[in-house]
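Chemist: Sequence:
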Amino acid sequence: MKWSVAGIGLVLLVPSLVWAGEANTKIGKLVEGMRVGPLKRLDIGVTRKGTSIPALVTDEDLVLGSNKTRVLLVNFGGAANPEVSVGATLEWFYKSREAVGFRKRFLLSAVPVVNPDGWSAGRGDSNLSGGIPAKTFPPNGTAYGDPKNPEAHYLWRWIGISAPDLVIEIGDGSSSLSVPRTGLDAMRPLFKLGPDLKSGEGLAAALPRHSPCDTGPVPALRLRGDPRQVPARLAKILESGFTGPSPARRELQQRLDRTPIQIAGQLAKRYGHQLGTVAYIPALALVGRVRLGKLIDDPTHLADVERIVRPYVEGKKPTVPPSRIFGSNHSGHLVFSELARVTGKPIYRKLAKNAADLAFDKRGQLREAMPGHVEMSDSVFMACPILVETGALTGNRQYTRMALRHMNFMLRTNLRSDGLHAHSPLDPAPWGRGNGFPALGLAWCLSHLPKSAPERKPILAAHRAHLAALVKHQDPTGTWHQVVNHPGSYREFTSTCMITYSIIRGIRRGWLDRKRFGPVVDRAWPAIKSRIAADATLVDVCTGTGKQKDLRAYLDRPAILGADDRGGAMALLVTTEMAAWQRDQKTR
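Going by our numbering, 223 is the number at position 223 of the sequence shown; the sequence numbering is gapless.
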């Protein structure tokens, strides 16, 4: 099936999406009217009704190394008049002569309306989904599929990963300026501006006391009163002597200062230490450790990986479960093909062949496609690389023929007219990892296909076409989204790692143009680094995801904050590939 993107809207005109269209139009006009100076729109989330939650940021806001103090205005909506409270303030800051001095020392960005559905409908604090986004911070429930209050989750994690130096929560009410009294030294210049804001009193009270995205606290205060007075009151805040960076920003700056080898070493301490079942997640982490060991000339990584796989080598455990055929098991055999190349031991070639031999039916004929694909785009990675690897290791071209056959089968099943992959025929949504898998899978194939192989040309053409479609959807932050073409969906870690790995590998091996794709990596790499903590915990890894029935189901897949084997494996691959690329450039 080839999805025709143009026709999708004709069958999805359900009430919630009609509402979302109206609300998106209204919020779009509002935000467009606020775009002054260097400000650009950047969506940070999506409501249960499908309405985007926009922010206004500058390019410099996205650079954590800026020497300016970064201030974020947040307006939840409610009864507030954002055209005045936010729009007039941005106009004053970026255009008035009075603010010239401030512009030299500060950056100002904004989330004009956190609750666009409530604001659009004139419903005050309610978001029309049973929630009140401004009420509880840190937010309860699961990001980002909370059925009542996703707006709070999107805002909370956006602040954590963008790490402003000061957040000013603005809104209606009796005139007041409240400053949380916390242990943050950076906030002391603000204490003179107003009374304490107690714990439990919303966003501004929570940010200095907690650590959104586990990056660190963020100074904040709450401003209430006449929206026309916000510019003047902002001037007093900026004159207070407050400066950045926030603890959250300092943490992210430290993450960015690490080398790829340092990050890979941190990841390898947590991931890549078991192979209880031959499956892609633990196998790729083991591959990452093997590659790290080679990069740093440390044989202990290879020795430990060989120890871990020994039960399969000795025949104590089967590499292919007798009762179940599944794609993750196919790609789990990539650890054996990696070991076969690195060590030259025939036993690893034999084990890799166990999965590739599933390409043949009982008569020894090639199947239409590898079994276990369940129609998901993941299968381009799950099947094609182990087939190509086995073909390269054995010299049997039947395996590489099958890799091309399987790729074509999956392209017929899920390729959309815009060049992206639907995850499955159930729904046309281009899920992030559902596009990361084909990118990674074909890059892996091309790494081991001889230039003379007839399969190489069509695989390379498919890969280049897919990457050309993907780079159009790279977010200004450097990431790719949970739903690739939906800028309001969350910025997803694994797909960003997989796509970035594929591009680096292509540049290194010469099938991608560095001038075209190098800047894509330059944007993605800081985003990846900032989402990996020193203890190898991660930010916004989409949980395991099978076929989903609609767009909402993909938007609602939990985004893991913390340790995650899947994310750790993909992070090990991309960090070691980046390290290898940097080494290549030094030796030229």
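Derived by calculation from the structure, the hints in this document are not laboratory data. One or more hints might be untrue.
[Claimed, not checked] The list that follows gives simulated cross-link-like pairs (lysine-lysine, DSSO-like), each with its CA atoms no further than 27 Å apart:
#1 K317 to K362
#2 K451 to K294
#3 K29 to K148
In this text, all values refer to a predicted model and were calculated from it rather than measured experimentally.
Chemist: Looking back at the numbered hints, which does the structure fail to meet, lowest number first?
Modeler: Nothing - there is no hint that the structure violates, so all of them hold.
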